[in-house]
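Chemist: Bring the two chains, given one by one in their own frames, into a single complex with the hints.
Protein chains in written order, with this note's numbering: chain A, 1 to 245; chain B, 1 to 402.
For the record, the hints were derived by calculation from the structure and aren't laboratory data.
Among the hints, a few may not be true.
In silico lysine to any residue, SDA-like type, Cα no more than 25 Å apart, as pairs [claimed, not checked]: (1) A:K201 to B:S346; (2) A:K58 to B:M342; (3) A:K97 to B:V353; (4) A:K97 to B:R272; (5) A:K97 to B:S180; (6) A:K58 to B:Q337; (7) A:K228 to B:L271; (8) A:K228 to B:V352; (9) A:K128 to B:S180; (10) A:K58 to B:S347; (11) A:K228 to B:R188; (12) A:K128 to B:Y124; (13) A:K128 to B:V186; (14) A:K128 to B:A187; (15) A:K167 to B:G41; (16) B:K233 to B:A219; (17) B:K127 to B:V146; (18) B:K233 to B:I389; (19) A:K228 to B:L336; (20) B:K307 to B:R225; (21) A:K58 to B:L338; (22) A:K97 to B:L271; (23) A:K128 to B:I123; (24) A:K58 to A:Y242; (25) B:K127 to A:L234; (26) A:K97 to B:F349; (27) A:K228 to B:S346; (28) A:K58 to B:S346; (29) B:K127 to A:A232; (30) A:K228 to B:T261.
The structure presented is a predicted model; accordingly, all values stated were derived computationally and were not measured.
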Amino acid sequence: MKTVNTTDTSKRKFLGGAAAVAGIAIAPGVLLQTVNAKPDNEAVSNKVRWGMLIDTNKCGDGCTDCVTACNTENGLTGFERPETDSQWIRKLTLKDKQTGHVQTLPVMCQHCETAPCVDVCPTGASFKREDGIVLVDKHICIGCRYCMMACPYKARSFVHEDLQDQKDHAPRGKGTVESCTMCVHKVDNGENPACVTACNKEHKAMYFGDLNDANSEISKRLKQYGGKQIRADLGLNPGVRYQGV
Amino acid sequence: MKLIRFASIDGNSNGYWGLMALLAAFILAALGSSYYMEHHGHHVTGMTNQIVWGLPHVFAVFLIVAASGALNIASIASVFNKKAYKPLARLSAVLALALLAGGLMILVLDLGRPDRLIIAATIYNFKSIFAWNMILYSGFMGIVGVYIWTMMDETVGRFNRLAGISAFIWRIMLTTGTGSIFGFLVARQGYDAAIMAPMFIIMSFAFGLAIFNLVLFAAYNGTRRELGDAIVKRLRNLLGVFVAAIMYFVVVFHLTNLYATEHHGVEAFILRDGGIFTQLFWIGQVVIGGLIPLALLYAPQLQGCRKSMALASVLIVLGGLAQMYVIIIGGQAYPLQLFPGMEVSSSFFDGVVNSYTPTLAELMLGLGGVAVSLIVVTLALKALHLLPISLADAVADPHHKD
Ligand code: SF4
Ligand code: SF4
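Chain B extracted, bound-state conformation (with noise of 0.2 Å):
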């Protein structure tokens, strides 16, 4: 392997001006949207007293859990000291900051009361796992700053594989963190389960090396730098490993919950009769997030095909958002079992499926959050040394034989 040099790119093409104008565009929409929520209250979205947490939350832990992810390739350039990753390392942990940084900014907008931010940032609640989340977040984004400076700085580059391992062991904790949102309502049949934290952490390695995929090509192909396959493949294979593996973990909580009688109820919900979240899950989570990706992805002619492999990243990303929208969405629409056994009916919807119709404004603060993240890669990527100037197998294969 020849020394790897890293360059800034130029930015200064109508394409990259293009996309930051676009990107911006959202990003305004999405103030605006947030404006419009809070002047008028939340009654103008479609977010109710039933279903309390609507499509921003999708969003937003969405990117959050697809943060840590990103992360991995760095990981498993500096903890594992695997070669082949390290000159992917800077991109990874910029993209797992700006991920988590759009994520959050969702967050806070949908708040009741986003004006009382500086509450929440210094009142904690100790037993509360959302207080717990913020320090994991705010620590999230100085570990891995400092991460991303030992990367950049020779001089502090012997810090390196410690500030890797510190970020590496971090992001477990914050996927474990954001999983346990929902692992600790414990009255709600939907999310009482012991394997949801687990089962977050192999989702965020899927959808993080999904968008870190995306980025990637995007910036090679705008920049006309070379790819090689060697590093590509590698990606490939990573991905489909992943995607297998939420599969695998999809089954075991579905046949785990099968097994106990009192979860039969939601389940039969989500697999069978849940309507648009039962569709949701079949046709988008099972089939466009998992098994057309693993097709894309291992299918013997489309070994050297990019444009596969980008494919799978695209309905990854797209499966991911159904997999949330179904725990999200569908875990509060299945209704409260107040009394198990009994039909239950009252003026506050109880012993009913609750409906719940995602409103523009909630569409646009969602997306305006993905706007934020790929905002900041793209400025990072002009303002910082982040890509490497070749990656052609020559420079980027440790295995590569002149």
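Looking at chain A on its own, in the form it has when it is part of the complex (with noise of 0.2 Å):
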């Protein structure tokens, strides 16, 4: 079977390429937070955790910045059908039944703590690093798909076909599972998130940082204002935190 695999690289390691990025200054003259890049030589740790913060009420009806962004960092080009195309974030549009009230808010992989897909799965492909973020080693992912019956949030898709132009920092392959890897090349860079970069250009709804960091601005941000976790009532604690919904 052709592989199209372009990378060796073992996910499991994840080495960043560039040194330690105190702050990133996403629009000029905004510094929006400061993320703790790890140098190049040294493991992940579980001193960080890293964690998205997504506040409804800024999140754009209509925009799907997040998205597109994703995929283009990614190389998520579709073959048309939506119902085999992978997608690691996706817009969510709520109504509520009662008042009528409707909003927006994208969706990807919680990042979960005690992942569901990582318990299911029969080889360990699907596994989570000290620092929290969840991803799914390609290379030992024998397809089996249990993991995408296990997640509670939909956040995994399965490669259906062959793929072609794929990015070397995000390698996929037919007949494996994926999902968001909270852009984990990016991060590991000292960089946020590409779906976090292109929403701060307009409505920055989003915002990524170390949620073990009290003095982070998400977690600051989730001291004074609160935050939701989808389906709470599962106790899976994951990464990704929602305000106003």
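Modeler: Right under this line is the structure:
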């Protein structure tokens, strides 16, 4: 069988390229947050827990900038087959049946702390890094799709056909399962995930940062305004939190 | 009861070779289908990112569940010491292995990367019930293999009871493991029930025995050996009890679900609004797989009639496949509830009932698994001394009076 993986880097290591970057200026003059990137030679550590916060009040109705950015960044070109094309992030429209209130919000892999996908995976291809990012090792995934059955958030896609034009930093393969990597290649470089960067150009609804660092912007915001987990009743402690739902 | 003599079948008739050729054709078609699916990717099947397990899983889980049930006859004979079933124990154990082999073949050929089977066989995540199942399946093969050996070789016959008890315990674990595959999917409304595992055990009893009956009838008819009424009557009663037990579990399952408010949605879906799933539930599972077989098995006028018993067995198999379809596909078709109480929509089919249309390739893969099971039995009948030369009442009935 033809594989189209273009890199043999084990994603378990995913050592970043550049040195630590202390702060990232997203728009000129706006210092959004401090990201603790780890140096090249340092292993991923559980001192940090990467997370996201999404303020649905700011999320633009009809805006799909995060989705587009994700597709571009990770080379998710589809085949015009919505039922089988991969979607790592999608925009959800919610309507309160009682009040008729409508809002939209992006949903992607929630990077659960006790991730059902990791628990059920027979080979250990689904795994959680020390810093909380949940990934699929494309080299040992056998394509059983049990993780897709187990994920409560519909976060995963199965690669249903041959792929072309893949990105080196986001290897994919027919017959394996994939989902949002929180742009681990960028995070390890001290950058924000592509969706967050894109969102911050206009609506500024997404925040990325270290949930373990009480001084990070995301932690401060969560402390001040609170943040909800989708399906908190399942007790999975996801790394992605929402405000305004 | 007289001494039972076993013999292999000749397996030279046109019928035998015709059957072999037919089964081989189905297996080839399944291999072709699998190659086609792997070569093009799963987008050529009816499966999607919403319905990730399709018709192949329906067949595979059915066969695996039936496999452990097929062992029942042997268990009753050696664990519960019922002499009347002893002559059938060999066939029962071989059928169990055959059904498991067929089910596993389907599972493997439906993987996204069947070429990586070696990874699945060597790297285990011990938190995964799937990984445990792989151990349970291989263990089952080994234990039942030894069990068959203790039945066929006098020199190790004294271990027969021990092997029988081990196999019995193992098969209960195996079916529990298979049922738990679904029990672990906490977020899916359709599977969130503790009763799932015991229900799978009772399903295995009925499905396995139904297939056993059909194989037994076919073998005795095909070889013109004598099959007495006494043993047939026992099997008939046993089958009736198992089918009634499934019906009971299904009622309890849905009643307890209806009791919990959060399950009302999925219950209404399966029982009332689910289109094809509702039809398969009421017509397939309840009427064809339950009520009609019960009537056929228990109607006083039909008591001596083997055709009615064979028909009931066929219907139980069909009803069982319908039940698997409702559980596996229906459980996925019903949308995941990300925001209970809200209307949800997206480009990724959130909040909608997912549709699934199986393709020919998936059907052929499923039927190929059935063919593998049957060909194993057919070959074993010829190679081993599996079946008694006669099961006439005078030979097989412990209570027979000359
Ligand atoms: S959201 Fe789904 S894919 Fe992501 S970690 Fe949780 S269970 Fe796994
Ligand atoms: S599809 Fe791959 S990642 Fe998912 S459970 Fe199976 S082996 Fe693990």
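Chemist: Compare the structure with each hint and give your call.
Modeler: These are the hints, each one checked on the structure:
1. A:K201 to B:S346: 23 Å, holds
2. A:K58 to B:M342: The given pair, whose Cα atoms are some 20 Å apart, holds under the 25 Å limit.
3. A:K97 to B:V353: 18 Å, holds
4. A:K97 to B:R272: 22 Å, holds
5. A:K97 to B:S180: 35 Å, violated
6. A:K58 to B:Q337: 24 Å, holds
7. A:K228 to B:L271: 34 Å, violated
8. A:K228 to B:V352: 24 Å, holds
9. A:K128 to B:S180: 23 Å, holds
10. A:K58 to B:S347: 20 Å, holds
11. A:K228 to B:R188: Holds, because 21 Å separates the two Cα atoms, which is no more than 25 Å.
12. A:K128 to B:Y124: Holds. A:K128 to B:Y124 sits at ~16 Å (cutoff 25 Å).
13. A:K128 to B:V186: 20 Å, holds
14. A:K128 to B:A187: Answer holds: A:K128 to B:A187 is near 20 Å, not above 25 Å.
15. A:K167 to B:G41: 20 Å, holds
16. B:K233 to B:A219: Holds, at about 17 Å.
17. B:K127 to B:V146: 29 Å, violated
18. B:K233 to B:I389: 19 Å, holds
19. A:K228 to B:L336: 18 Å, holds
20. B:K307 to B:R225: Holds - the C-alpha atoms of B:R225 and B:K307 are around 17 Å apart, at most 25 Å.
21. A:K58 to B:L338: 20 Å, holds
22. A:K97 to B:L271: 24 Å, holds
23. A:K128 to B:I123: 17 Å, holds
24. A:K58 to A:Y242: It holds: about 11 Å lies between the C-alpha atoms, which stays within 25 Å.
25. B:K127 to A:L234: Holds, at about 18 Å.
26. A:K97 to B:F349: 19 Å, holds
27. A:K228 to B:S346: Holds, at about 20 Å.
28. A:K58 to B:S346: 18 Å, holds
29. B:K127 to A:A232: 22 Å, holds
30. A:K228 to B:T261: Holds - the C-alpha atoms of B:T261 and A:K228 are around 23 Å apart, at most 25 Å.
Checked against the numbered hints above, the structure breaks hints 5, 7, 17 and satisfies the rest.
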